[in-house]
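Q: Whenever a hint applies, use it, and build me the whole structure from the sequences.
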Amino acid sequence: MRSFLVFALVGSLVWLVGCGGGTPVGVTPITVSLTPSSAQTINQGATLGIVATVANDPTGSGVSWNLSGVGSLNTQTETTSSVTYDAPSSVTSNTTVTVTATSIADTSATASLQITVQASSVTVSLTPSKPQIVSQGGTVSITASVKGDTTGVNWSISPASGDGTLKSETATTVTYDAPASVTSNAVVTITATSKKNTSSTAQLVINLVAPGQSNVQPIAVDGGPLTNYPDGAFTSVTICVPGTSQCQTIEGILVDTGSVGLRILASEINLPLQPLAAASGGTLNNCVSFVDGSFLWGEVEPADVYMAGEVSSELPVHVLADPTTFTIPTTCSMGGTDEDNQTALGANGIIGVGMEPTDCTIQGQNFCNVPSNQNIYYGCTSSGCEITTVPIADQVTNPVDLFAANSVTSGEDNNGVILQFPSLSGAAATLDGSMIFGIGTESNNALGGATVYTVDPSDDDFTTENFEGQTMPSSFIDSGSNGFFFPSSFIVCPDNADFYCDAQNASATNVGANNAQGIVDFTIANADDLFKTGDFAYGDLGGPNGTYPCNGTGCSFDWGLPFFFGRSVYTSIDGQTVPSGQPAAPWWAY
Amino acid sequence: METCTPGVVHPRKLWLALVGIAFMMLAVSFPALAALGGDVNSVQEDQAHMKGSLQIHPAAAYSVHEITTSTRTVVREYVSPEGKVFGVAWQGPFVPDMQQLLGTSFQQYAAAVQANRDTHARRKPLNIQEPGLVVQTSGHVRAYSGRAYIPEMVPQGVSAETIR
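The listed protein sequences correspond, in order, to chains A and B. Going by my numbering, the first residue of the first sequence is number 1, and it counts up by one from there. Going by my numbering, the first residue of the second sequence is number 1, and it counts up by one from there.
Each hint should be verified, as a subset may be incorrect.
[As the list claims (entries may be wrong)] Only part of the chain A face toward chain B is listed, based on derived beta-carbon distances under 7 Å:
1. Ser289
2. Val291
3. Gln374
4. Asp461
5. Asn482
6. Phe485
7. Pro494
8. Phe531
9. Asn545
10. Thr547
11. Gly554
If you're looking for bench data, these hints aren't it; they were derived computationally from the structure. The C-beta atom is built at its ideal place from N, Cα and C for all residues, glycine as well.
A: Here it is as structure tokens:
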């Protein structure tokens, strides 16, 4: 590879010298022109379509687009011949940005357009400013404050009908009335638009919560955003700039009881979130390593997170993006695969709702508040990164751990989650389920007859035994694993060596640290055949896990997502209060 | 968990210890070698790099050098009577520095991880079985375990399953 690069470099140098500056003699150079061709001025919040024309390009490969300055280029509609520039919803003063089109065939051929984004002299703000959680029959009084004008605002609601109405409208006030009967949770947006300057707007988000649904988040095994993810449970989250109604709902988030913290691809976020500062200087960055050698990298940025009728305020979120001004430390990447993009991740993010409050703690021990060679928190500047200590409050945090009581909950649903799915044998195109927040805190999340299995405090694992004579003390339940993974004599698939192709009925015994015991019957199907169905939910998917036979510490049975089918699986969070009479968290129950 | 029985010193162990001491004495003159596939002195390099404490457990056909890092991750390095590290294993809340630990095998590991991208298997254990390198990982975030060894270097009569 290197010798090829050297050859290519030398070759292109010879070509450059031979042709005296880049364009072969007698060949008309490629040129790029833009429409509009002269500098433009647009209002804040407005958009501008730009078209590129490339002349003399026999390859017809078009242009790539680049933006220097505030706002964004709309990646949904971007092509090699056109792009839409989206100005920020508000700027504090007139701001000029530059959009550049570069010929793909000849990167020395470019054209640029200057766009001035005009700040509005009129600004609108609303009280309340933060999203409101409202149940059926509820009302919210909203007041608009307009600076720079006295004519006030016009009010609008989205969706326009079905999820409540606006009444008693004045130029500065309005009342939102929730429907008398709400059957499913919904998000409603109320917008105030300045009468004087329609580019000046402010929004209030209403989270409308149906009876008994304040803590119920829909999840689905549906293949994820790329419709290619087998046995992955996905949900959506609404994230907001802290303390505001600048919010965005992001779908395709993998539900993972085997990790902790909300991690979202930066490419999916269009909010101005701000990174935390690191104790060592620079911005606080996080690295998470998965057992398959993959890793995620990015800044830690607080956001308010809304799910169903719950809110997690100023939650430190891992915003996944490759750095542009420094390289990812090798102590993070370690030769693994970078999954900071949708293709590699197969998701738009991961919501880790596991047993710990933050991603650097295990049963009360914080590994990141003292100098050590942990490799998950770094302070980064343009000159590079160094490992940093991090207080608990700044660590990437389990969103459930921060849930506070509010008007639609009975209390704090912050001590764990229940995942529920119908049973499934064989394959199904999709499988719908629920993530229920809290354990024993509402009428719908009692422990009931579930058996509690406590875990080893050193690693949050329990023991699986009586399977092919093995005892596996590092076993665990993990919705983020997309199958049952265990050491076995089963035959691996000829097409997919990560899975078993033996069709088998089997059983194993789980044993908690509290000596609770239970036999689990499970079935493994031929994975090669399952994958040929084109479905995404498989009740019988399994694969190998380390060496076989395996006995002792480090040997594990990984009870992945299929274990959750046909069960209510409880995962409680270390340090939180659990129903009386139960062992201290963390534990699993099912 | 590997254990050793204290008290009885076999002649073989004594010999191993002498070899070990000899290597330690020579260590200053050795180039900086990384762990897997390297000489026994690379264990000290790893210990220093991981800021860990080192325990040595001699066994009949090999010795186990156990490093406990400041983050509670335990790294075990398996050393042949010839003083070569033929296997490494780790377990704990943080993945050890794979580049340091795998030494000259690191590039092969990295290439194999990059190649192992079956879109069906998303979050799953790693199982690399190649000539010259076996790497198997397991566990989950904050509870990682894994092992790596060079099959050709495992001493005769030693089962690869002991590397754990």
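Q: Which of the listed hints are broken here?
A: Failing hint: just 7.
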